[in-house]
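Protein chains: 2
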Amino acid sequence: MTDLPRGNWTGSYLSDLASDSDHFKLHFLRGEEDLVIQTAKKIAAAGHGLRLGHIPWINGVSKMKMHCPYQRLPDILLYIEESVCACASLGFVGTAGSTIAESIELMRKSDAFRKDNRVMLSRKELFKNTLRKAAHAWKRIIELRLSEEEARKLRFFVDEPAFTDLHWGMFVPAIKGQGTEEQQQKWLPLAYKIQIIGCYAQTELGHGSNVQGLETTATFDPETDEFVIHSPTLTSSKWWPGGLGKVSTHAVVYARLITDGQEHGVHGFIVQLRSLDDHMPLPGITVGDIGMKFGSGAYNTMDNGVLRFDHVRIPRNQMLMRVMQVTREGKCVQSNVPRQLIYGTMVYVRQTIVSDASSALSRAVCIATRYSTVRRQFGSQEGGVETQVIDYKTQQNRLFPLLASAYAFRFVGEWLKWLYMDVTQRLQANDFSTLPEAHACTAGLKSLTTSATADAIEECRKLCGGHGYLSSSGLPELFAVYVPACTYEGDNVVLLLQVARFLMKTVSQLGSGKKPVGTTAYMARAEDLLQCHCSFKRVPILSFFLLDLLLHCCYCTMSTEDWLKPSVLLEVFEARAVRMCVARAQSLSKFPNPEEGFAELSADLVEAAIAHCQLIVFPRKGVKQQLQNLCNIYALNLLHKHLGDFLSTGCITPKQSSLANDQLRSLYSQVRPNAIALVDAFNYTDHYLGSVLGRYDGNVYPKLYEEAWKDPLNDSIVPDGYHEYVRPLLKQQHRNARL
Amino acid sequence: MTDLPRGNWTGSYLSDLASDSDHFKLHFLRGEEDLVIQTAKKIAAAGHGLRLGHIPWINGVSKMKMHCPYQRLPDILLYIEESVCACASLGFVGTAGSTIAESIELMRKSDAFRKDNRVMLSRKELFKNTLRKAAHAWKRIIELRLSEEEARKLRFFVDEPAFTDLHWGMFVPAIKGQGTEEQQQKWLPLAYKIQIIGCYAQTELGHGSNVQGLETTATFDPETDEFVIHSPTLTSSKWWPGGLGKVSTHAVVYARLITDGQEHGVHGFIVQLRSLDDHMPLPGITVGDIGMKFGSGAYNTMDNGVLRFDHVRIPRNQMLMRVMQVTREGKCVQSNVPRQLIYGTMVYVRQTIVSDASSALSRAVCIATRYSTVRRQFGSQEGGVETQVIDYKTQQNRLFPLLASAYAFRFVGEWLKWLYMDVTQRLQANDFSTLPEAHACTAGLKSLTTSATADAIEECRKLCGGHGYLSSSGLPELFAVYVPACTYEGDNVVLLLQVARFLMKTVSQLGSGKKPVGTTAYMARAEDLLQCHCSFKRVPILSFFLLDLLLHCCYCTMSTEDWLKPSVLLEVFEARAVRMCVARAQSLSKFPNPEEGFAELSADLVEAAIAHCQLIVFPRKGVKQQLQNLCNIYALNLLHKHLGDFLSTGCITPKQSSLANDQLRSLYSQVRPNAIALVDAFNYTDHYLGSVLGRYDGNVYPKLYEEAWKDPLNDSIVPDGYHEYVRPLLKQQHRNARL
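Top to bottom, those sequences are chains A and B.
Going by full-length UniProt numbering, 258 is the number at position 258 of the first sequence; the sequence numbering is gapless.
Going by full-length UniProt numbering, 305 is the number at position 305 of the second sequence; the sequence numbering is gapless.
With the rest of the complex left out, here is chain A:
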């Protein structure tokens, strides 16, 4: 889809394509030509909307109303070529013909996977519906003999939180990572075939981030060779685990291990919760759902649960013993498996979270960008059409940096996959050298990308004006379902403090000759990056002229164009991160007690951690022009947003920041013609987007109007309650009314 008339192709991807005839064939065809008909048929068969309206000689499309002339057909064809190219090159989901594409089609066509009525369902109906979807998806996975990865993608397109997320994403990996060979052989086949359903019971009512503070106990009873799992206090109730409330038959439960009256830290235990016969909770177990959560639909499809144990006994071999064993006599024995292995799992989970952030963000940006081209407001000259809101700089200034972030997160997500592979290979070879850096890196990126995405979804909602507030825009539910990512798997502030701690350690070791590795490698150049390029201490002669220079020009030769050079931007971001880290380290060193200093300066440390993480996301490789523009927008927007950091550390001057801002504005103009192509390249189906405002065909208003009438309030013309509560008021009978 392009919203640009032919005359405006100059400077857009369309003119690029036109000029690159070796690689692209542009079709300027009439409606009745063969290629048009074939392609249109394909589009229609796939059930996509057509921007141009209907083509009468194709079945099934005729009901669509015509609202733009046939001449626009070439745009559609171009869209197809462009988006297929984009998919292929960027690796976005859903390229036609793959098993993934089949899954997408399944979702779209089967009534079982309907999403649009979700916000209107009661909690019970909603939940039952989710159980139904999970069963349908599983049946399909079995029928198609999907691989684990393919099955994961199919569940992704179901697009609804469900107990299966925890079964596959936490229960199975916990057993794989922490169970012995024997335990894996016993439990994994049951889990793989869904003969048992598991969840991950760690968080408690009174304890979240601080795992070492968990209160649930697992006391070894040598007489019976069993552990006694118990909830000693109200605050020790397990609270939040997904899938626990109504579905799971088993759980990996984290509890304080006690043998012989001594505590041995927190460990995982496999505990059966419900009967496999009638699903009733087993004796000593109290379990239920913890109640409604943010939004309608959203995470209310998940049975986050509460769980209490009253001296529940399990066999000794149900403690996950890969790292530490409890013997028949109740002795704790460390195995020779390195504890660091669990960090590998953490890297994996956080890598998927970054990848999910990029999906959620690109989805919101896709909706907001498309609607911004449909929506018009103000600026009409003598009764003509109003201006598309995407043409306003204030809109571009909010929207395009989010578009840039969606791409940036996508690339950093891909890179994290590589990092995880690298870490895994090293761990297998007993090389733990990169682990602390990889751990800090994933922790920081988890925090950075989830916070940015949550804020961005809400910003996209606001960018859609009033209509973004309607459930049918898809954005309210996307927001509500996404925001917990900022809290689960590590609260974002707690994670940034971990990153800050790692950075302070790295800085303190700079003098020792220990080379910083990976994403902190730039710190090896700290000395150079700390040199203020305008430092007057280096200037031998002073004059008014020179002083002016000093005050206005750090990287003295810089012009507006210099802000487009990746090397310049990168260096400025590196300088900022290094300077902030070093300054914080200096402040810390003034405290007699380092821990006290860390606590006192924690808010500043978080800022240094953010500066470092923003640098990691910074794309470094050579990229094509449009992506380079996005990359520059990503960097220059952050530079503007955190201008205080850059100025206070002397990395740039006010004059330079003003040049950078000019450059940013001009980049917006360059991205504008390609905005739709860039979001179309995400290749989301209308079903997956689930947004009337973000429809591929741009046919927003008629659809909004149509959707409105589906609300239950419109079932009757006169609403329920009129006779009891409205009529008595109007008829002045409220004094006598029995309300």
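Hints are not guaranteed to be accurate.
Distance condition first, Cα-Cα at most 25 Å in a straight line; then the derived SDA-like pairs of lysine to any residue [unchecked claim]: (1) K731/A to Q272/B; (2) K710/B to Y299/A; (3) K655/B to R132/A; (4) K655/B to Q586/A; (5) K128/A to Q272/B; (6) K731/B to G169/A; (7) K655/A to P654/B; (8) K514/A to R426/A; (9) K590/A to E561/B; (10) K655/B to P654/A; (11) K710/B to R132/A.
FYI, nobody ran anything at the bench for these hints, they're computed from the structure.
Place chain B on chain A using the hints.
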């Protein structure tokens, strides 16, 4: 409620009170003493929780469980004195004994005003419930013969968007403001007695902010002396008006006036929509609800509606003709009533929005602050209790600036009431001189306070960790119900652009001798504020020493303590606003076409407008120490957040910003002991707060646990859908299952 043990009173309001024995009497009493018993009885009778647990000799309290020793009684008594003082001095809602207090009690005790089940109801049940509440409230208003203001407060405590908001808040004021005397005499009595119910139909499916772009037409037919109201296109459908969907019998409809084939701008018309007999829509009228909106509960209690007219005829005298009349012959005649009067209404509406922002923000802050003292995480030494999360600097750094803003918005809201009165008096005296400034000021404050509040509610939710995501925390619904304030009554970005336009005009007139008035008065000192105090052009002799000074010290004598002086902070904020405005004006002057320049630089102009508006909120009068601390936190936090502005305009140096940051940290420590008292002073009842996390008695965990079991999913132990969708999976019968 205080969460501080006696030994820690030093430096808190408690020690202030203790030392000020002339004004405060501190009660250190034993449980059986008379004053204690009487007060405790009062608390119990009012149904409040007791932090200390139960007092066995008072009825109705015995069921509460004891969880802290009797010695804490004095804290409660202190609370009562403190909060009553606070209420009285700050004018917060709900001082005991007032009719408002009665309304609050009514809400709390009557089942009709129950709120806690709202998120679980279906749309239809929810809406019927709202109709019921509105009827109950009206009955009560009649019974108690409440004044208009008292009735407004009662509706405020119902705490649920309803059609009555639009009837009283928009329909009635529109007739008052735009109707002739005659029209007012005819329609207002009907509206006051609710013999008709009205709404305000302005926004259309395709048109929001740009009122002049509305498409609905009102064509005068001289033959019948009627207007023909018509919706010529789909996008002209009225869309969003609250109360329109299912309830209103009448609407003020905005439409393009056409007489004799000529257009005469957009005007308001009173149109009857539904029969007063059977509530059916009248001929030619299509009306319904526009569907579900953000969140569960929240704004879904409101019947925002869609409305289409098919040549609906109304008598000529139903056009609101105070400013312009259409004669029997179809001629348009301007009345001698100044058009500016409508701006007065706008000032009024926006003033109430600022006031509502302060309520919503203080509510969220109250919940987050209380829960931050209850929640503990990390930091336990050898198995002792963990640290209260409010004691972490990262938590304070996010929470206390919001607390400061809640107070700041409260004060600026009070000031706006004065401004509105002042404007009204001037308008009555035909003095329009302050109107542009007042208009810009309220537009800017509406934008600033609603954006800040929406973000702050979500931040408070995150500050409550995982539990903030539960509906029972009250924060998800508060967020969902609040956010539309950023869009309605003027999109926040559009409003800031209006402010920017006004500021640019003010700057351009600085040389002309025209004095800027009101909130822009500081611009008269532009010349002084533009002088960089460290400008080297003023320095006669250069030396290394002086240069160092120049680079590190603008207000050269400034120390950390200087950042606490209101005059210093104010000047820095004024300098920043002036410098940003002047810089933008200079950039604008470089464009040959000013409108083009305005469009190109709009994002920068918005920032200048924000700088100006933040300055308006800045409290200026002498305030008591704790409030002065909040005032400084408000300013210093903004200074840190917008550091780039201050540095790039040369208002402060990096060194100074670092001193300001040190000061901010130390202010947090001073506010910490008073945090609970400061939020208790808002004096919200538990019923109004509607949050398990924000309970006055701090009894969070048992209540969370209790609430969980009320979820419909817990009606049965085995969930609906188990037999159809879960059991077949577990029993490996999915291949044959009929899903």
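Evaluation of the provided hints:
no., hint, result
1, K731/A to Q272/B, "holds (16 Å)"
2, K710/B to Y299/A, "holds (18 Å)"
3, K655/B to R132/A, "violated (62 Å)"
4, K655/B to Q586/A, "holds (14 Å)"
5, K128/A to Q272/B, "violated (44 Å)"
6, K731/B to G169/A, "holds (22 Å)"
7, K655/A to P654/B, "holds (16 Å)"
8, K514/A to R426/A, "holds (20 Å)"
9, K590/A to E561/B, "holds (20 Å)"
10, K655/B to P654/A, "holds (16 Å)"
11, K710/B to R132/A, "holds (24 Å)"
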